[in-house]
Amino acid sequence: MAVTIDESGDALDQLFAAERAVSFRASPALMARVAADARKLQPRPVRGAALGQRLRHLLTGGLRGGFAVAGMAGAALAGLWLGLVPPAPLADVTDALWQDESVASVELIPDYDDMLPGVTP
Amino acid sequence: MEMPPDCPTATGALSDAALLRRYATGDARAAGVLAQRLVPRILGYATRLLGGDRAEAEDVAQETMLRLWRVAPDWRDGEAQVSTWMYRVATNLCTDRLRRRVRRRSVTLDDAPEVADGAGGAEAGLIEADRHGALHAALGQLPDRQRQAVILRHIEGMANPDIAAVMKIGVEAVESLTARGRRALAAALAGRKGEIGYGRDD
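The listed protein sequences correspond, in order, to chains A and B. Numbered according to our numbering, the first sequence spans residues 1 to 121. Numbered according to our numbering, the second sequence spans residues 1 to 202.
If you're looking for bench data, these hints aren't it; they were derived computationally from the structure. On a predicted model such as this, the values are computed, not experimentally measured, just so you know. We put the beta carbon where it would ideally sit given N, CA and C, even for glycine. Do not rely on the hints blindly, as some may be mistaken.
As the list claims (entries may be wrong) - Chain B residues, not near chain A, derived (Cβ > 10 Å throughout):
# : residue
1 : E56
2 : Q62
3 : R76
4 : E79
5 : D144
6 : N160
7 : G170
As the list claims (entries may be wrong) - To give an idea of the chain B side of the interface with chain A (calculated C-beta under 7 Å), a few residues:
#  : residue
8  : P40
9  : G44
10 : V171
Bound-form chain A, shown alone (with noise of 0.2 Å):
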């Protein structure tokens, strides 16, 4: 059988429905490469993204955030520590404002006529 092309068009839906009728095989070789790529560039399971993304959280905007706290908690610790194991120098001093009893009372404000001796009202 022989297709006229002329300008009704209509052989030329005849070679369209031919060409749609030729079938592309890939190659064994083009699908591997395919494969290949979508192995390289698949992202990684959720369970291992959610602890990357935790560590670059940690790493990035979270670190400024977790050095405060590490400060503030550090500083909660040595406070309590002194306060329940206070150095020697430390507990002398400790010892002489609140604990010796020789010291009856401790005067931190001076006495006004203290200060200006040879003013007598």
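Following the hints, position chain B against chain A.
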């Protein structure tokens, strides 16, 4: 990751977008099913757009799939169909290659198109009395946009709105391109001899 020889019913029935989501969440089998489904389509489309150059068409098919794997984690349902996106990428890749081909030809006459690759014109196809080769050759004579529209509409069987999405133009522009492409194609095939033998008696 091995490409499965055939699709299991559960996975094979999934849409392209669903398979892409599965791939993005670590399902290696989904990539195999998607590749089996899409690669032959891209390969055929690119082969026709590139005037029958199979090697270049394979490169285009691989590159298109590579880009699909890359966008998989960010793919949003409802924005575009996977097939539409795929045709658009393949079209752009083919256009780039055709432009490079033209530039090479303009540099030296030694790089003139070869008749054997199907891009040499309608006459070669008619001499061979090969309707497949003649159609490819005639398609090769069309301007790029007309060729894209004609192939998408009449060979890939896409609807005009989908073609408009692929080519990023309006539906009316698609209709105009396909109409002009058909006329030019008929003229290219009828101009010399007016007849193409099917090569067999029905």
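So, going through the hints one by one against the coordinates:
no.	hint	in the structure
1	E56	12 Å, holds
2	Q62	5 Å, violated
3	R76	15 Å, holds
4	E79	19 Å, holds
5	D144	19 Å, holds
6	N160	16 Å, holds
7	G170	23 Å, holds
8	P40	5 Å, holds
9	G44	4 Å, holds
10	V171	20 Å, violated
Hints 2 and 10 from the list above are not met by this structure, while the remaining hints are.
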